[in-house]
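K.L.:
Sequence:
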Amino acid sequence: MTQQESVRQSRAIYYASGIVSICGIIFEVLFGALGSYILGDGVKQYTLTISLFLTGMGIGAYLSEKMTRHLIASFIWIEYAIGIIGGFSAMLLFGVTAYLPPGTSSLFLYSVILIVGSLTGVELPILIRKANEIGVSLQKSAAKVLFSDYAGGLVGGLLFLFLLRPYFGLVKTSFLVALINVSVALWIVFRFKHELKRFQLHAASGIFFLAILIGGALFGEQAAFHFEQQLYKDPVIFSEQTSYQKIILTKQQGDTRLYLDGQLQFSASDEHRYHEILVHPPMAAAARHDRVLVLGGGDGLAVRELLKYEDLGNVDLVDLDPKMTEIARTQHLLTELNEGSLDHPKVKVINEDAFRFLENADGFYDVIIIDLPDPNNESLNKLYTQEFYSLARNHLHPDGAMMVQATSPVFAPQVYWTIDKTIQATGLQTQNLHADIPSFGGWGYVLASRGEVDMDRLAIIEDTEYLTTELLPALTAFGKDEDAEILDSSGEAVTLEPNTLIRPNLIEVYEKSWTNY
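Counting from 1, one number per residue, gives the positions in the sequence shown under the UniProt record's numbering.
Treat the hints with care, as some may be off.
[To be verified] Here are the simulated lysine-lysine pairs, DSS-like style, with alpha carbons at most 25 Å apart:
#, residue 1, residue 2
1, Lys-382, Lys-512
2, Lys-251, Lys-233
3, Lys-512, Lys-246
4, Lys-251, Lys-323
5, Lys-172, Lys-246
6, Lys-323, Lys-348
7, Lys-197, Lys-233
8, Lys-66, Lys-246
9, Lys-421, Lys-382
10, Lys-512, Lys-44
11, Lys-308, Lys-346
12, Lys-246, Lys-44
13, Lys-233, Lys-323
14, Lys-323, Lys-346
15, Lys-246, Lys-323
16, Lys-193, Lys-172
17, Lys-382, Lys-44
18, Lys-308, Lys-172
19, Lys-308, Lys-348
20, Lys-421, Lys-480
21, Lys-382, Lys-246
22, Lys-512, Lys-480
23, Lys-66, Lys-251
24, Lys-323, Lys-421
Don't read these hints as lab results, they were simulated from the structure.
Let's have the full structure, built from the sequences with the hints guiding it.
P.N.:
In structure tokens:
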């Protein structure tokens, strides 16, 4: 081999190592995102993904010691395997989740992570050994291949975060990245064809795998959509993966439902019950309505209830996801429900993290309505902490009122009363309410203010479908199995601690509470 050919081949190895490293990190974060969406608890899923992927890489590195011959052929077929397994992983995970028993999806995903991680762990040792075989010193080849790997890891993470996930979604991303793996392998096939004993077999196999993956990229989302449809009660009419969450709208016989990351947010058949309780008690308890803040509620339904008040001043609605508020303004099923509330001149929509907004906000609000998704991950948990409620208290007018959606005191009583305890820890006084929302079951709210709220003195004066003045006191009556005294398995009372940023106990409590529902 000439010196010039040796240089060209070593460069090809370095380029290949950088590209497959980009693919490897994309697959790793892709698996974490899939786990978060399908299985919930993003921190847990990303932790398990990283741990299993790195363990797999260690296994692969160990197994690579046994590969001393046919290094290029081994690398080619490893890339083919990564491409096929990783490419079809997202689509098949939806199918497994839809049709196989609970628990199978996690076993499938974790197995895929371990396998792809192991195959990824074989890549670099083989490339380093091949570079050394070409004539590059071991120290130099290892340094260059590892540099390509680490630099590729950064590029891959940024590509997934800012390009692939928001613009292509999880299923198409898996196929596109797999196509790159197989394309790199095919490039190596032709670059090193003179030392491959079965060149035609390697080339034909790569072209065949490319064709399969191109078909997956074109039609895989349709299959995944069909699988995902099985996860919902009604037909899916809108589905979009945003930078923050998966938004699903379903409709059956006039009942529109909104799901965020698989969790039901409302059903058109009974959302009026939920939103009337969320909005009208704090509006009745507040001395004035000049300035109102809604945190969450990007569907515009809470704002619709607020706009019933003639003395309403301005409403600031803060929702993290601009796509959610855009859909609420443009999707006709939502605009029919929210009556175009987000386009009302009194309403200002702010797409920002609620915690950050409160940190930087000025002045007081007469009413604060906190309508956020349940605290099932770290990002949402911070919006149920003492620190967050303290910020809200600091912006609540002395004679104002705040209402917090607080999950179910029936299905998750420890979660509900922990939220109440956390709000009380800020110095606010609370009043506990709950009602039956047929699509949710028994649901709870916490009404808070600087002074005690006398429910008997509140009056519902605006037009409602469900809530009345006479009903308000009844909302404060809790049954024995949903009251504040939580008992453990031995019958001893559980001491509830406020949820804080330092001690985020609510996530674990939430996960345990909803295990059987």
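K.L.:
So, for every hint listed, does it hold in this structure?
P.N.:
Evaluation of the provided hints:
1. Lys-382 with Lys-512: At roughly 18 Å apart (the allowed maximum being 25 Å), Lys-512 and Lys-382 satisfy the hint.
2. Lys-251 with Lys-233: 9 Å, holds
3. Lys-512 with Lys-246: Roughly 24 Å between the alpha carbons, so the hint for Lys-512 and Lys-246 holds.
4. Lys-251 with Lys-323: Holds, because 20 Å separates the two Cα atoms, which is no more than 25 Å.
5. Lys-172 with Lys-246: Between Lys-172 and Lys-246 the Cα gap is close to 15 Å, so the pair holds against 25 Å.
6. Lys-323 with Lys-348: 16 Å, holds
7. Lys-197 with Lys-233: 55 Å, violated
8. Lys-66 with Lys-246: 44 Å, violated
9. Lys-421 with Lys-382: 15 Å, holds
10. Lys-512 with Lys-44: 14 Å, holds
11. Lys-308 with Lys-346: Satisfied, since the Cα-Cα distance of roughly 12 Å is no more than 25 Å.
12. Lys-246 with Lys-44: 18 Å, holds
13. Lys-233 with Lys-323: 24 Å, holds
14. Lys-323 with Lys-346: 21 Å, holds
15. Lys-246 with Lys-323: 10 Å, holds
16. Lys-193 with Lys-172: Not OK: Lys-193 and Lys-172 at ~31 Å, beyond 25 Å, violated.
17. Lys-382 with Lys-44: 16 Å, holds
18. Lys-308 with Lys-172: Answer violated: Lys-308 to Lys-172 is near 44 Å, above 25 Å.
19. Lys-308 with Lys-348: Distance ~17 Å between Lys-308 and Lys-348 Cα, so the pair holds.
20. Lys-421 with Lys-480: Within the cut-off at roughly 18 Å; holds.
21. Lys-382 with Lys-246: Holds - the C-alpha atoms of Lys-246 and Lys-382 are around 20 Å apart, at most 25 Å.
22. Lys-512 with Lys-480: 20 Å, holds
23. Lys-66 with Lys-251: 56 Å, violated
24. Lys-323 with Lys-421: 33 Å, violated
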